[in-house]
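**Student:** Below are the chains, spelled out letter by letter.
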Amino acid sequence: MWTCITDFFTYETTKSVVVKSWTIGIINRVVQLLIITYFIGWVFVHEKAYQIRDTAIESSVMTKVKGFGLYNNRVMDVAEYVTPSQGASVFCIITKFITTENQVQGYCPESEMKFKCTHDNNCTRFLNKPGGNGLPTGRCVHFNDTLNTCEIRGWCPAEIDYIKTHPMMEVENFTIFIKNSIRFPLFNFTKGNFLPTITPQYIKACNFDHENNTYCPIFRVGDVIRYAHQNFTTLAQKGGVIGIKIGWMCDLDKSEDECNPSYSFTRLDAMSEKNSVSPGYNFRYAKYYKMDNGTDYRTLLKAYAIRFDVLVNGNAGKFNMIPTLINMVAAFTSVGVGTVLCDIILLNFLKGAEQYKAKKFEEVSDTQIENSLSSNGLYRSREFIGVEKQSNDSGAFSIGQYG
Amino acid sequence: MWTCITDFFTYETTKSVVVKSWTIGIINRVVQLLIITYFIGWVFVHEKAYQIRDTAIESSVMTKVKGFGLYNNRVMDVAEYVTPSQGASVFCIITKFITTENQVQGYCPESEMKFKCTHDNNCTRFLNKPGGNGLPTGRCVHFNDTLNTCEIRGWCPAEIDYIKTHPMMEVENFTIFIKNSIRFPLFNFTKGNFLPTITPQYIKACNFDHENNTYCPIFRVGDVIRYAHQNFTTLAQKGGVIGIKIGWMCDLDKSEDECNPSYSFTRLDAMSEKNSVSPGYNFRYAKYYKMDNGTDYRTLLKAYAIRFDVLVNGNAGKFNMIPTLINMVAAFTSVGVGTVLCDIILLNFLKGAEQYKAKKFEEVSDTQIENSLSSNGLYRSREFIGVEKQSNDSGAFSIGQYG
Amino acid sequence: MWTCITDFFTYETTKSVVVKSWTIGIINRVVQLLIITYFIGWVFVHEKAYQIRDTAIESSVMTKVKGFGLYNNRVMDVAEYVTPSQGASVFCIITKFITTENQVQGYCPESEMKFKCTHDNNCTRFLNKPGGNGLPTGRCVHFNDTLNTCEIRGWCPAEIDYIKTHPMMEVENFTIFIKNSIRFPLFNFTKGNFLPTITPQYIKACNFDHENNTYCPIFRVGDVIRYAHQNFTTLAQKGGVIGIKIGWMCDLDKSEDECNPSYSFTRLDAMSEKNSVSPGYNFRYAKYYKMDNGTDYRTLLKAYAIRFDVLVNGNAGKFNMIPTLINMVAAFTSVGVGTVLCDIILLNFLKGAEQYKAKKFEEVSDTQIENSLSSNGLYRSREFIGVEKQSNDSGAFSIGQYG
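Heads up: the sequence lines are chains A, B and C, in that order.
Okay, so the first sequence: first residue is 142 according to our numbering, each after it adds one.
Okay, so the second sequence: first residue is 142 according to our numbering, each after it adds one.
Okay, so the third sequence: first residue is 142 according to our numbering, each after it adds one.
Check before you lean on any hint, since a few could be wrong.
Same chains, same label: a pair holds when it works inside one copy or across any pair of copies.
Using 20 Å as the maximum straight-line C-alpha spacing, the simulated EDC-like pairs for lysine to aspartate or glutamate come out as follows [stated by the list, open to error]: (1) K395 x D433; (2) K431 x E242; (3) K156 x E504; (4) K207 x E253; (5) K415 x E242; (6) K459 x D392; (7) K492 x E511; (8) K386 x E199; (9) K386 x D195; (10) K205 x E504; (11) K156 x E199; (12) K428 x E352; (13) K205 x E313; (14) K345 x D398; (15) K270 x E311.
In case anyone wonders, no lab produced these hints; they're calculated from the structure.
These figures come from a predicted structure and were not determined experimentally.
Using the sequences and the hints given, assemble the complete structure.
**Tutor:** This is the structure we're talking about:
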């Protein structure tokens, strides 16, 4: 029993060969230096491996658009050109309307040239695949003095969506006010994009730009579009989707004041620029009214809009013992990897490689063991330890064993 | 000083015992082969560990529904059955309406049987927990010729939501057009689900299916529901939520043309199928009108709808030096793990295990050290190195030291 | 060739020194024990490193608010105070309205004191920066008997948003019903927040609380606000954003019944509490009407609301061979790290450190090698192995090599 315990409380360490050679010594220390530099410089300083990180940011976005536009001789305000109205992180500013007033359920001619007809027979082919503005009836009816088109059943009159209209150019000067609160649940750290340094006076006057007002939460639509490398007129004409990205990269080991938002802007439907199929962004909705006799009628609106998506992402780090320990262990372990390289050089390319090999490797073969066992039931270890032979292990194969 | 420098520029390598035994040699190489195969086959080829990955995809989704339905002898178009109208990634197609027209603020009887009453006393129990269609007044009033119910204050008349109506079956043939632009910010790689090979002619005619039109961005509602293993009639009757998932798994080391979307479909509110409590999906909204005298009245709509959630996820990889290096180091290190297994076999189960042990382990005990120190102040290392004894370390305990 | 094969099928193992010393033996085993305890206790049991994890939860949320409020002598129902009406994961309950009825396009005086004027000249400064309720015309007009203000063009009359109104206090007793289905795609595991143990009777009567009804999917607004540590009256007065978080932390190695949702509540726009600039949450929208002659008029509503964001996150784990293997290898490897510490103690701080050093390190210098090479072209390894010298490697430098 006692032997067991004494045998247990022993310490095993590898036997090492110390090579006093300038060549390999310098290579060895340089490789170790590189590995240590990598770990300190990249892993610890740059990647901050001593921190635990929280990327599961909790975020709340409120938006408010301000500005007045003049469109079709009417003054448009927020309640008309912003939809949905709730001021959430996704909202559309409508830049152009195609309005079809006083639609009622009934029968009327199609409005597009591709439904042109001279006889009912021209219209039967549409019966099975409705496409235009309603259910085709298969009849050819009078559209205007010069044109007959196929008849439809649905909301009448049919929308004429090929009329050219100009977008509301005042949109360029509208302002978007963004209120963003974030929380890193792991650290219970809460902050908002209204920095404590911002005064009510500053808010009233400021507009975001990348130089002097990097923390102003009010954005001119024209600026946002310009920062996203887009042209306002084209965008207002065809519609599109702009991403306003708010990034919170925070080192919570530093002062709370250094955890600030950074804004960037990009066109999200970038594909629309490249592809001619269905460019831009538009949608249809209707306002419903009732006549005195109870009949429904409506105004159909096809709206071309710029959609803004406010996207928030965050990444906060704070010192923590566990990742620090794990990465220090990884660093120590990795320093040993240099040995692989040095062994290859030492045992293959250095002058006297065979001598080094002889020094590093002791050989024992099973024939020796068998001889030793057969010659003497009671083995005599001292003897065969003396019978040493230089190993021919090539060093190239040895790579694995030293990792 | 010079000694210090020469001592510093040395190289230490472990002293090794090379065992020339077929048994252990083959085991050793086979274990190494397995580890290398695992790393090359799984880690590098399958898991592409030589790449850095970006999963923080930026995505923009636009949707447009097309089709006409006939409901209650009215033709329904997109502006009526799609809500919200903005064409975002989440939208509902309404399949069934329960309409309550001409509601005004006032007093009226409840519409449900559970509010049946014969006397005011039957109604007092509802006073503290309003449930039906308005605030209970506690009175019992005439509902129709055969029934008295409790009176409420609110929008009157009360909705009768137990009337059976048929869903709009044309929805099955409606088409959903999805425009999806994505960007992997890490690689500044932008692509859309309109592949460059898609022509305007193809778009006009195509419908997505899993065989021939895997990249057509137009989806028939009936197909989507079928691919999600649902029954259209049941879904249209009760409502539900369908997920349209777009996956972008891209290997950016390959050609850009091979980075394509893959579509999959699933029912998101799967629970609704299993559980009888509150199955399906419906919501209420109202259209507001004004009489000439300024009184508000409204049409209340209870809409049963199929909600579609377009969910985009992406994962792109590209060759990068840092993960390649890290994983190669991990691979080299792991090859050494095989030694643990081989040592256990060599030192315990092989014929001549004791001899191998003697060869591998040199023993030194503190009594020896103390003797050596006391006998001669100036230690003579050559002597006690000669005094070797076979170690009895059992090999089983040794596991740890070689890892 | 045969030599090549025999040379290949060999096994290399490190030569070790077994130190039979109580001091270092106990330190060694204690360090190993600590490392093993850490791995078993923390990595395997606590962090469940033997599982693969899925955090890419697929979730579908449906909400339904119930309750009736009395506001301005009108009964408000869901169709009026909840927006958007679709019952998605984000919805607002409006608590307060500022209503401006019968607006038409035209000219009228501003309503705010800051547009006070006595002469047209006072109004010209507003021409270039519209702020109030419409486009300024630059004229000073009669607002009421005591006040003249600058004229605007737009929807008239202008909104008076500084009138004090009381919020709808009944909101506190409204209930929010949340239906949440989740799916872990990696394990194809589907579940909902309607646990199988929940009966229709229970659902009808229950209200969520943190003690007895932790799985009831019906939440009283007042309770939610209380759990988020907010005051209902303040919140209803100014508006705000409340997050309802549903967490699904599931160990799928256990029974399916143990995978249950946990609800938590937080105020998302926490910044609003701290900062006086633009506190709360409100938005404007309008209801449009038509006169008999076709003129549009509208009711503008400024709504103060409590927005609820239902946020779902999940994390499920299940036993898998690959992470189990990887972590076991990591555990074995890490046990070896203890050696670094023990070596430092053994070679520097222990009595007889120099002897241990002599035992552990064999030295070979390039001068020896060169001598050996020059004296005899055919090297005689046995000879110079005899010429050993005690190494002076300091042990502190040795750290790297044993990792």
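**Student:** Hint by hint, say whether it matches the structure.
**Tutor:** Status of each hint after checking the structure:
no.	hint	verdict
1	K395 x D433	neither (68 Å within a copy, 65 Å between copies)
2	K431 x E242	both (13 Å within a copy, 11 Å between copies)
3	K156 x E504	both (15 Å within a copy, 11 Å between copies)
4	K207 x E253	between (37 Å within a copy, 17 Å between copies)
5	K415 x E242	neither (34 Å within a copy, 46 Å between copies)
6	K459 x D392	within (6 Å within a copy, 28 Å between copies)
7	K492 x E511	between (36 Å within a copy, 8 Å between copies)
8	K386 x E199	both (15 Å within a copy, 10 Å between copies)
9	K386 x D195	both (18 Å within a copy, 17 Å between copies)
10	K205 x E504	neither (81 Å within a copy, 77 Å between copies)
11	K156 x E199	neither (55 Å within a copy, 55 Å between copies)
12	K428 x E352	neither (44 Å within a copy, 42 Å between copies)
13	K205 x E313	within (15 Å within a copy, 27 Å between copies)
14	K345 x D398	neither (22 Å within a copy, 49 Å between copies)
15	K270 x E311	between (41 Å within a copy, 12 Å between copies)
Of the numbered hints listed earlier, those contradicted by the structure are 1, 5, 10, 11, 12 and 14.
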